[in-house]
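There are 2 protein chains.
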Amino acid sequence: MQLPSSLLENAVAQFTKLPGIGKKTALRLVLHLLKQPNNEVELFGETITRMRNEIKFCQRCHNISDGDICSICANSMRNQQVICVVENIRDVIAVETTQQFHGTYHVLGGIISPLDGVGPDQLTIESLVNRIEKEAVEELVFALSPNIQGDTTIYYIQKKISHLACRVTTIARGIAFGGELEYADEMTLARSIANRLPVQQYVK
Amino acid sequence: MQLPSSLLENAVAQFTKLPGIGKKTALRLVLHLLKQPNNEVELFGETITRMRNEIKFCQRCHNISDGDICSICANSMRNQQVICVVENIRDVIAVETTQQFHGTYHVLGGIISPLDGVGPDQLTIESLVNRIEKEAVEELVFALSPNIQGDTTIYYIQKKISHLACRVTTIARGIAFGGELEYADEMTLARSIANRLPVQQYVK
Numbered sequence: 047m048q049l050p051s052s053l054l055e056n057a058v059a060q061f062t063k064l065p066g067i068g069k070k071t072a073l074r075l076v077l078h079l080l081k082q083p084n085n086e087v088e089l090f091g092e093t094i095t096r097m098r099n100e101i102k103f104c105q106r107c108h109n110i111s112d113g114d115i116c117s118i119c120a121n122s123m124r125n126q127q128v129i130c131v132v133e134n135i136r137d138v139i140a141v142e143t144t145q146q147f148h149g150t151y152h153v154l155g156g157i158i159s160p161l162d163g164v165g166p167d168q169l170t171i172e173s174l175v176n177r178i179e180k181e182a183v184e185e186l187v188f189a190l191s192p193n194i195q196g197d198t199t200i201y202y203i204q205k206k207i208s209h210l211a212c213r214v215t216t217i218a219r220g221i222a223f224g225g226e227l228e229y230a231d232e233m234t235l236a237r238s239i240a241n242r243l244p245v246q247q248y249v250k
Numbered sequence: 047m048q049l050p051s052s053l054l055e056n057a058v059a060q061f062t063k064l065p066g067i068g069k070k071t072a073l074r075l076v077l078h079l080l081k082q083p084n085n086e087v088e089l090f091g092e093t094i095t096r097m098r099n100e101i102k103f104c105q106r107c108h109n110i111s112d113g114d115i116c117s118i119c120a121n122s123m124r125n126q127q128v129i130c131v132v133e134n135i136r137d138v139i140a141v142e143t144t145q146q147f148h149g150t151y152h153v154l155g156g157i158i159s160p161l162d163g164v165g166p167d168q169l170t171i172e173s174l175v176n177r178i179e180k181e182a183v184e185e186l187v188f189a190l191s192p193n194i195q196g197d198t199t200i201y202y203i204q205k206k207i208s209h210l211a212c213r214v215t216t217i218a219r220g221i222a223f224g225g226e227l228e229y230a231d232e233m234t235l236a237r238s239i240a241n242r243l244p245v246q247q248y249v250k
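Protein chains in written order, with this note's numbering: chain W, 47 to 250; chain X, 47 to 250.
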């Protein structure tokens, strides 16, 4: 596919750098922008550049923030003694959407994965341990992906804070709502049998 | 889905304006950009703004162009007496990709569609008729969508140039290569029977 203009070619090339966007989709997006008024497209470019240049990360929980401390950390209605540990910002948004968690967060920035070259030093584990020590945190709720890397990360952090009086929990794993038993993988089914709950507790 | 930062919220809002991009996809794209170096994201914004501000349209065929006349019109190797009439720039790219057409193009900018409020005056028909008159064009090849709007547009333009000695053709319509006869719609099958070709001509 050869494009009739180098300006168009460059714009398409920029869009194809984004995840999940191929050359055809990029062209569709660029031709759409071409139909918009100039000032709309300028606003598009400026908003994105400004976002990248001005966005801050909360110094306490490493979540995205407009200021030095994010709105969740600054909210006195939230339980500051309970920390939900997540891999990235998207997970914060996912948990927040449930409206079921009223504590604060800690964004690790990844999970320990030696194969991908991610060790504990690349993550915000040091800062998490500091928080638990200084702020007398009562509970750490791990909401990490249920795989070996997630489990390794939980194990590593648990070891690091074993001398502190902080309860460590993880979000429940089992058969998803609306899921069919027969299609569940063995590992999930086996774990959900081993971790079965009394019905009263489940209903609550 | 509530986002933790207004800068992030604005960037996501800009991406959701693009066709086929919802809020979740937009967030994924924005978080990807957030991981890129600042200058990369600045380049992204600048490239798109620059494309919108500086791109030109060929004064002759209305295709996208870096200069006043596009590279196809300026190419003396192309047959300037044969014009392929298409709806938009994407169609030029599609026909060019086949490498089967060696004439020039004329981009209408749409097709006549009274229901959508598109009349002949909004299209570049006037300029096409001028071209045919002044440049002694020998053949007009219509490559428009095979629907009522496309047929109306062909009929309208044909009427407009009926006094000129210019052959008018349209790209072949029929069963697509690899298509199954039993799944073809009646209209296409009926037309492809009516417009059947001698086998020698087909093989050629």
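No wet-lab data here; the hints were simulated from the structure. Possibly wrong hints are sitting among the right ones.
A pair holds if it fits inside one copy or across any two, identical chains being indistinguishable in the list.
DSS-like, lysine-lysine: derived pairs with alpha carbons at most 27 Å apart [to be verified]:
#: 1; residue 1: K63; residue 2: K102
#: 2; residue 1: K205; residue 2: K70
#: 3; residue 1: K102; residue 2: K180
#: 4; residue 1: K206; residue 2: K70
#: 5; residue 1: K180; residue 2: K81
#: 6; residue 1: K206; residue 2: K69
#: 7; residue 1: K102; residue 2: K81
#: 8; residue 1: K206; residue 2: K63
#: 9; residue 1: K205; residue 2: K180
#: 10; residue 1: K69; residue 2: K180
#: 11; residue 1: K180; residue 2: K63
#: 12; residue 1: K205; residue 2: K81
#: 13; residue 1: K102; residue 2: K70
#: 14; residue 1: K81; residue 2: K70
#: 15; residue 1: K69; residue 2: K205
#: 16; residue 1: K102; residue 2: K69
All values reported here derive from a predicted model rather than from experimental measurement.
Legend entry - Enumerated hints in conflict with the structure, sorted upward: Hint check: 2, 4, 5, 6, 8, 10, 11, 12 and 15 fail, others pass.
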